[in-house]
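Two chains, two separate frames, one set of hints: put the complex together.
Chains A and B are the protein sequences, given in the same order. Per this note's numbering: the first sequence = residues 378 to 551. Per this note's numbering: the second sequence = residues -10 to 390.
Treat the hints loosely; a few may be bogus.
[Said to hold, decoys possible] Calculated pairs, BS3-like style, for lysine-lysine (alpha carbon to alpha carbon, straight line, at most 25 Å):
1. 109(B) - 198(B)
2. 474(A) - 443(A)
3. 474(A) - 109(B)
4. 109(B) - 411(A)
5. 443(A) - 109(B)
6. 370(B) - 66(B)
7. 411(A) - 474(A)
8. 443(A) - 411(A)
Simulated from the structure, these hints should not be mistaken for lab results.
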Amino acid sequence: MKRIRRICLRWIPLLLVAMLAGLGAATAPRPTLKPFGPGSLAVIREANRGRPFILAFWSLHCAPCKEDIVLLTAIHARYPQVPIALVAADGPNEHAKVARSLAPLRLGAIESWAFADDFAERIRYSVDPEWRGELPRAYFFEADHQAAGRSGVLDPAELDAWLVRVTRSKSPPR
Amino acid sequence: MRLTTLAALTSLLLLARSVSAAEPGAMQHAGHGDPTPGSPGLVDLGATAAFDAQGTLWAAHKTAAGVSVSRSRDLGKSWSAPVAVSRESEPTDAGADARPKIALGPQGEIYVTWTRPMAKPYTGEIRFTRSLDGGLTFEAPQTVHHDRQVITHRFDALTVDVRGRVVVAWVDKRDQVAAPAAGPGAYRGAAIYFAISDNRGKSFGTDTKLADHSCECCRIGLVPRPDGSVVALWRHIFEPNLRDHAIGVITPDGRAGPMERASFDGWAIDACPHQGPALAVADDGTRHAVWFTASPAAPGVFYGRPREGRVEGLRKIGGKTAERPDVAVLGREVAVVWKEFDGTRSQLRGLRSPDGGETWQEVALTAADGASDHPRLLIWKGRFHVFWNTRLRPLSVTPFP
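Just chain B, same shape as in the assembly (with noise of 0.2 Å):
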């Protein structure tokens, strides 16, 4: 009797300690006398848009309610109110790398998917919704995957194919789980999976390996082609612990193509990098890629255009603290973005080539005073845009020059 009360007063006490320590009250405040342009406990700042038929531009962000949609008719300046997607204010994945995505399905439909993470740490949940009605509702989010292990299914893509069909690939540790158990490092980071939903996102079909031994903590590119497949470019582990990409192919059939390395940095290394890679495929088939790798020989954001395992063109993008680039290609127009933070601002900057990759030109774009997103890159009357949502200029678009 007398231990079990014991036992009872010491629960009792650690969860009066970890609720303290919890407690964000209990911590000092932040920058007494600097006007920090950082905006300490403000919303995540992750965000994506697209464009649909019409030329409205569609962007999934973060808002006190929640992952939430908004809609501008004139290039960004000005956006619809925020309609929240998420329900009860569900928690969604923070870090470098995460942020809700959206795809336009080809009748209208605005798709959205993002992290819930779950209260183990590395754990989440890949989530979902729709709306059909032109983005005034959406459904109530449903999970993508049908394991519901208290996992990492984490940095989900999204993409809609030629057909018309929802793709959502992401980060899955099931394998890892699953894997003997021979102690840490029995399974080399975690996999790429995915599922496919042929009815607008009412449901979706089953959990599929695309590949295993991905990283596990750096967004995915995916990019649909005109002949139904999709092409994935992820950050890899290749043996022993080789921190390179690799790109592997969703058939037109829904079934795991094959795999090849992307780049050959030799980055060796057990970390989280937090950096994918972007990923796009011109009409000809030709894929530009750019990725970020911190391989002491050659360190620095890269461009180049993976093909049957090796790379071609391979350039160095920005200066020393270039990071989070984008790559776009309309015919044998390709654009590449990225932001460089100068010691002051964060300066966007862009490079064009006309001629497939095969040489460059730098373009003047723009900067910004305080905390931004990734800038990502889009396509509209056959001009490239540039979204970028920064404090000072939330949901912002640059036209590329």
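Chain A on its own, in the form it takes in the complex (with noise of 0.2 Å):
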């Protein structure tokens, strides 16, 4: 009997106080997830100018985007100096889903967007008007940013040879 009142009075203040920290981290002005709408791109562009960065569209809908995102994170690991902007193309209403499926993942400094409102064409349009909606959707953006686009499941193989070559040229790291 003691020992049990020995153990709640060493773990109950601890337990508050990790509880008060989950909260903390409820209202923290955390930017779990930015909203991208059709200016989006040009800030992105800003933050990064005269450096490469990769821009991953994904959705909650889309089964093949998973692996995207498990490759991203990954390539993240070995090339922090390239940035990336991870936008799911879900409207408001699947915002708090979309973050919590993001919440296990260790996305470290990649960058979480979701479509800011459900006019999805013209947030598309602002990005590329050529592409319709299919994901995952990935643009390459050179230093000088220009940009190709890529439809469907990453290669590894391909990524890594796109980084290799970016991170080689004169841009500066980070």
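Below you can see the structure in the form of structure tokens.
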């Protein structure tokens, strides 16, 4: 009995602290998910001026996209100097689900975005008028921000070749 | 003892974290100073509609109360108050090719289906309800399929066959799940299943497979024929990963008939197009199809008449932002609609053929500011109408000139 009381005394304050920390996390202005609207690509490009980056679109409703996200997190660990913006093509009604599905992943400095509204055509058009919404869809921006779009699951070898090339060129590391 | 407490502590922390991640309030807010007509946080626009024998238009759409049914007696100019048909705010599938479906029976029955997402990603159940009192009340929803695994049963399609039987088809992953554990790729994609109710939707018969290896995430076109069969058109995965289309038949006795390839774009991709085809079948059996492909050789929206493993009358539809086409047929008259974003507005565009798809003329329709659903063609009194649910003009109907 005494032992139980001792354990309780030792652990309950810790438990409370942990819960408070959890609550703190819930209210902190942590930018878990940024709304991606028609002006967002310009913002991302401005933040990455003069260096290559990857813009990758996925969705809660796209099973093949899962592989890509895992691959991109692995890539990010190896090439942290190449920024990655991950954009869920899911509207505000699904942002909570998007955040939940990303929570277990080690995203590191990968930025997470999600479609700011349900006018998907307009958002897609702002990125690339020729993209019809198929997912996954990724854009590989060179240091001069020339970009090539690619639909479908990423090919690790192809991705690696691109990363080797762009990180070898003169773009300064962060 | 200590270890257990530690474990409990850790899981509590994790729980708190996941709750915090799921909290919409934790997110930044959209579009400061941007008068976006995309309207964050509103109900999905996914909707379908059907005319009954008296010309009353019935729409299945979403409201804050869930899947709802509304009625218009003046071609969409005014609508009755929506009647909620899903219960206890059960969630409904979102995403580009998910929407509630409505179909009418020969005795005024109103049938509605939708997909209820389940806890795991990509999983769902096909839900069904009916009204036998002219839309005043709807029965408690039931799940159409007998398979109750928490897997993909999604992208419901609904029709009523010539004998009044309710036919529901959907995308189903039971065969993928049951495939030998040779890792991913052991079974290409999903399968198309269907179930039939011969008692006005009181219950459904067995789950029957129409075809293996459908694409996982696209709407299905489903059309009843005078001989009692039902024709289905869907995006398939031909070996090794060609996401072109296939056409199949549910025979009059409710079995899976033959399947054949219906498009030959050669779009080799491991992706979710989220854009299924549409189908109309003329009285003489000619199949009119519209679909989307992003095959590098010829990307875009296409019209064609699949016949015995080839496509006749192939034609590209619209410009480079054309999407979400639909097709309808009335004797020799064929109508095609689609929407096309021009950088500012979504243009609703149409094509009409007077001769079964041999020659075409473009018709002037309308345009929408802000978000919009797929346009759908309907037929009433020998004329085509376009049903289009847009944010600024909900459940609108535009006559086809």
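Hint check:
The straight-line distance between the Cα atoms of residue 109(B) and residue 198(B) is roughly 23 Å, inside the 25 Å bound, and the hint therefore holds. As the CA atoms of residue 474(A) and residue 443(A) are separated by approximately 14 Å, the hinted pair is consistent with the 25 Å bound. Proximity of residue 474(A) to residue 109(B) is assessed by CA-CA distance (about 11 Å); at most 25 Å being required, the pair is judged to hold. With a C-alpha separation of about 24 Å, the suggested pair residue 109(B) and residue 411(A) falls inside the 25 Å cut-off, and the hint holds.
The suggested pairing of residue 443(A) with residue 109(B) holds, with an alpha-carbon distance near 13 Å, which does not exceed 25 Å. Using a Cα cut-off of 25 Å, the hinted pair residue 370(B) and residue 66(B) holds, with the two alpha carbons roughly 17 Å apart. A distance of roughly 14 Å separates the Cα atoms of residue 411(A) and residue 474(A); the hinted pair therefore holds under the 25 Å criterion. Proximity of residue 443(A) to residue 411(A) is assessed by CA-CA distance (about 20 Å); at most 25 Å being required, the pair is judged to hold.
Going down the numbered hints, you'll see the structure goes against none, and every one checks out.
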